[in-house]
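Line by line, the protein sequences give chains A and B.
Here the first sequence stands for residues 1 to 327, where the numbers follow our numbering.
Here the second sequence stands for residues 1001 to 1323, where the numbers follow our numbering.
Derived from the structure by calculation, the hints contain no laboratory data.
Fair warning: there could be bad hints in the mix.
[Said to hold, decoys possible] Derived pair list, reagent style EDC-like, types lysine to aspartate or glutamate, alpha-carbon separation capped at 16 angstroms: (1) A:271 / B:1221; (2) B:1268 / A:200; (3) A:96 / A:200.
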Amino acid sequence: MLPTLAVHNLTIEYAARRGAVQAVRNVTFDVRRGEVLSLIGESGSGKTTFGLGVMRLLPTTARIRHGTLIYRRDQASEPVDVLKLNGRALREFRWKQVAMVFQSALNSFNPVLRISDQFADTARAHGYLQGNHLAQRAAQLFERVRLDPERVWRAFPHELSGGMRQRVMIALALLLEPRLLILDEPTTALDVLTQRNIMDVLKELRHQLDFALLFISHDLSLAADIADRVATMYAGKIVEIGDVFTIFQSPRHPYTLGLIRAVPTLTGDRKDLTSIPGSPPDLIDLPTGCKFHPRCPLADARCRREEPELEDLGNGHQVACWNWGIA
Amino acid sequence: MPTPIITLTHVSRTFNVKRHLIKAVDDVSLTIEEGEIVCLVGESGCGKTTTGKMIAGLLPPSAGTIAFRGQPLNQMTREDFRKYRLSVQMVHQDPYASLNPTHTIYDIIAAPLRHHQFTRSDAETRARVRELLTLVDLTPPDDFLDKFPHQLSGGQRQRVSIARALTVQPSFIVADEAVSMVDVSIRIGLLNLLTRFRDQFGMSFLFITHDLALAKYFAWEGRIGVMYLGRLVELAPARDLVARPQHPYTQVLLSAIPEADPQVTRHKPRIELRSMDVPSLLRLPSGCAFHPRCPRFIGEVCERVVPELAQANNALVACHLIK
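Okay, chain A solo, but in the shape it has when bound (with noise of 0.2 angstroms):
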């Protein structure tokens, strides 16, 4: 089956006074129709820069140094070449096609217009639905978001909590059924029992809508909540790729096995936790060969001087390692 969205070789850099910030390097992999996909990373790592990648949200200091992004919203459809859109065409294919919610839901409105106004504006922009019939596609919206359309749609964004709010910013990505959803960090800045309400409305919303879902998060346990397949990011670069529960119960990265290894859980032994040594790169000044070797346990000769490139083990499970045999 062709896949929502293939990634080939995307290489994106900013400028910046010491030289090039290696943000995204030689990226290749697939977003599969209706899967949720959930790169993993630290900060840095190059999550949200490729996720404003595919929006074409980039900065101006960014740049694009070449890669492809090919988007298909049907099997049926024509491929859409992203990174040569333009104009029109471009802002149709956001939200239409691909829709990113933020992780700060709060900055993502205009604080002086009501959420009616701010669903009109983006229907008005698409030229979709208006007045009685937008109202009602935003209250089935809002419904499958878990919210009370009365209380919200006439409410200014500061009238709701972040909770709501980022449930009404799910629904405004939803509104003009894109095929391919971005969430950068959803809730981060979200509360416990906040945080299991909205995992819990996008783990429904998945099974009742047809769209794939990007997942990009730092927190390892809401990719194992929700993910059909995880992506480890390091350094700009994808560096071990499977199904979720070969991921967590045989990571072949050294990475993504420091990664699982160092976060506490409630059920785990205080032993078996260890924390990665040093600290993540310096992306203008990447170290040689594989760039996780400064901080890698398995680090030989042959990983400081040659970068792995991803392999493939059979099943999906691609890793990028010299020595995953022994990880």
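Starting from the known structure of chain A, arrange chain B on it as the hints suggest.
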């Protein structure tokens, strides 16, 4: 029994916000022993940071008393209070905002040493700064002395904040979400560093966090207190609290936390709340503040009577279900 290092007796704190009175902390009693680690957990607005600030002497309570090694803060002489403020240090959440960006790491750590006359000559100050940087694993220290905060990673900055807190040789540290903003891969390293200070110097900690798994890891032999809308609702040995929560709110929280294991997290029994609405601190519910959301609500008594903390097994629980 030895005198606890910190004793809170019926401590409350109110704030005036736009002519409304907000009870941020309501009638909290808590003791922390010498060398003990106590974690306070709860959602935003539950009063955990306000409690921490009161203990650090940065905010006076509106009612109740806080005592340090048996001596009430409000009865201390100016000189004793000054000493107390040195004994209790705070490490803040954001290592990007808590260090002066125009000062070098050396300046940041040397300033309190000189100001409080812990060192008397430049040579002595320099030696002590090196020693402190080594203590927080920023080695070799000479690589860091002349750097500015922006040249360090989040984890390294937080180590500088910790080194700065240690300059005045505190016996008690209030750490408010001290590892929340650093990367997952290095959190455990920071917590192990703090644990080492407890083991080596007998330091005590109040660790404030919203992350129960982290609280269990750090407190381990200590205790966890759970706060809800300004009140302490459960206080128990860390591992017992996580394994056998007794207050319905603690039970709900634990059931809602996702776990970094797809098998475990997808089959976790879920406890549903009666309502998803978080009450406003401006209009606190009557009786037990959790009653409008409580899955084990038992009726009128919950709406009318504020439950007191009561002994239940080896825990203290504020719930009418506990007899």
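Evaluated hints:
1. A:271 / B:1221: 13 angstroms, holds
2. B:1268 / A:200: 13 angstroms, holds
3. A:96 / A:200: Cα-Cα ~24 angstroms, so violated.
Comparing the model with each numbered hint stated earlier shows that hint 3 is the single one that does not hold.
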